[in-house]
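**Student:** Note that my numbering numbers the sequence shown so that position 215 is 215, with each residue one more than the last.
Rather than coming from a laboratory, the hints here were simulated on the basis of the structure.
Misleading hints may appear alongside valid ones.
In silico BS3-like pairs for lysine-lysine, Cα to Cα no more than 27 Å straight-line [stated by the list, open to error]:
id	residue 1	residue 2
1	124	190
2	21	182
3	249	146
4	181	231
5	182	110
6	67	190
For clarity, every value in this text was computed on a predicted model and none was experimentally measured.
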Amino acid sequence: MSNKRLVSIGEALIDFIPSRKGCDFDDVDSFFPAVGGAPANVCAAFSKLGGRSVFLTQLGDDPFGHKIARALDKAGIDTSHISFTDEANTALAFVSLASDGNRTFSFYRKPSADMLYTADKVDKSAFEDIFALHFCSVSLGDFPMKDAHIRAIEYAREQGALISFDPNLRFMLWDSEDALKKAVLEFIPKADILKISDEELEFITGETDISAALPGLFDSGVRLVLFTCGKDGMYAYTRNTSAHVLSPKVEVIDTTGAGDASIGSFLWKLDDLGISTDNIEKITESALKDALEFSTAFCTISVQHKGAIPSYPTLEQVLKYKL
């Protein structure tokens, strides 16, 4: 384990999880608050495993914002680079869970504090001793946070870090699908690692088969693709090798934060294996499978509990889990 840091940038919010699943919003009696936001979740997964992580965002100077900061701090994340503002409130998302644990969202974010995070608030010192920078697409709209991402990528590149991108498509947060697709395609070439789900593949690449999509992704500059397929498991690809691990059959309680768990734990394992910008394309099939098995175990434990960060296991729990 190199013990270098994962830096993540983007939104943090409060997910309001319904008391019941398998019903519409109208039929939910109550919701309970859970700290969320994909980039924050990824940091938490990395830290829960014993890694060091730093989160860059802006929160509202309100009870929800301070609740998030306390929760992230408790999860072992370095929160010293989080800004607070009274210009906007902390983002909220109300979640509805289908009977299979899949989710729909209703967002309160017009605008939210994270969207107003500017490039000049990105502190270069956060990128010292960095392993990788991770980000998603939610914060790549036409507002200041997009410029902050560009600045963060520049700083990470200067330090020789890996760049990890999970598009994590949230269509309801964009004025149009075209705007979302344009933003995703603008940032894919900036990434070394791309995490993409089976549900996102066709929208992003125009292909329905991952094998047909890979050449274009690699030609754009991506060096490793993590392809998640829910119950069908996870695949990982480089130009030179690939690996696949099936998901074990378990009762799914809540998939909130499961995609973030997969990339967060996968990044932790890559760091543990000594993967860097210098050797990522030389990773062996055996090492890729090792990383996928580790990530699959982490995610399988997570989806059997409610919420995202509270459901993430420790390293000891993952190592004890038998797929």
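**Student:** Next step is simple, just say for each hint if it's right about the structure.
**Tutor:** Evaluated hints:
1. For the given pair, residue 124 sits about 19 Å from residue 190 by alpha-carbon distance, which is consistent with the 27 Å threshold.
2. In summary, the hint linking residue 21 to residue 182 is not supported, as the alpha carbons are separated by about 34 Å, beyond the 27 Å threshold.
3. For the hint linking residue 249 to residue 146, the alpha-carbon distance of about 39 Å lies beyond 27 Å, and the restraint is violated.
4. For a cut-off of 27 Å, the pair hint linking residue 181 to residue 231 stands: about 26 Å separates their Cα positions.
5. As the CA atoms of residue 182 and residue 110 are separated by approximately 21 Å, the hinted pair is consistent with the 27 Å bound.
6. Among the hinted pairs, residue 67 with residue 190 is inconsistent with the structure: their alpha-carbon atoms are about 33 Å apart, more than 27 Å.
In the structure shown, a violation is registered for the earlier hints numbered 2, 3 and 6, in ascending order.
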